[in-house]
Amino acid sequence: MIVTEKVIFSGRVQGVGFRYSCKMFADEIGLFGTIHNEWDSRVIATLQGDSELINYFIRNLPKKISPWARISKVERTKIPQTLVYHDFRII
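Residue numbering for the sequence shown follows the working numbering, starting at -4 and increasing by one per position.
No lab work stands behind these hints: they were computed from the structure. All residues carry an ideal CB built from backbone N, CA and C; glycine is no exception. Any given hint could turn out to be false.
Derived EDC-like pairs: lysine to aspartate or glutamate, alpha-carbon spacing no greater than 16 Å straight-line [stated by the list, open to error]: (1) LYS18 to ASP82; (2) LYS68 to GLU23; (3) LYS73 to GLU47; (4) LYS68 to GLU47; (5) LYS59 to GLU23; (6) LYS1 to GLU70.
Pairwise CB distance ranges, derived in the manner of DEER restraints [said to hold, decoys possible]: (7) SER36 to MET(-4): 26 to 36 Å; (8) ARG84 to TYR51: 26 to 36 Å; (9) TRP63 to MET(-4): 17 to 27 Å; (10) ARG7 to THR77: 27 to 37 Å; (11) MET(-4) to PRO62: 32 to 42 Å.
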C-alpha cells in the first residue's frame, strides 16, 4: 500500500551531506518524495512509497548516510496523500 510520511531527522544532519545521502539511497530503492533543511538544524523528508519500503529506508539509513552525519532522533507522521511524487528531490 502506498503511503506518505513526514519524517523529521535530528542530530548532525545539516552541512554533512545527509540530504544527498538520503537522495542516493531513496533513488537506489525506488522511494519518492522530498527532503529539506529546517531553520532549527533538523531535516524534514516527505517520503512516499510502499509502507515496508519506507520502513526499510529508515531502518537502513544509518548505514547509508555520510560518515560525518549522525541521526539522534527520527519522528514519523503519516500524512494524507495529497500529492503524487514521481522522484526524490532535495528542495
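Hints, verified against the model:
1. LYS18 to ASP82: 10 Å, holds
2. LYS68 to GLU23: At roughly 23 Å apart (the allowed maximum being 16 Å), GLU23 and LYS68 break the hint.
3. LYS73 to GLU47: 13 Å, holds
4. LYS68 to GLU47: Not satisfied, since the Cα-Cα distance of roughly 20 Å exceeds 16 Å.
5. LYS59 to GLU23: Given pair LYS59, GLU23 holds - Cα atoms ~11 Å apart, limit 16 Å.
6. LYS1 to GLU70: 8 Å, holds
7. SER36 to MET(-4): 26 to 36 Å: 33 Å, holds
8. ARG84 to TYR51: 26 to 36 Å: 20 Å, violated
9. TRP63 to MET(-4): 17 to 27 Å: At roughly 35 Å between Cβ atoms, MET(-4) and TRP63 fall outside 17 to 27 Å, so the hint is violated.
10. ARG7 to THR77: 27 to 37 Å: About 31 Å separates the Cβ atoms of ARG7 and THR77, which means 27 to 37 Å holds.
11. MET(-4) to PRO62: 32 to 42 Å: 34 Å, holds
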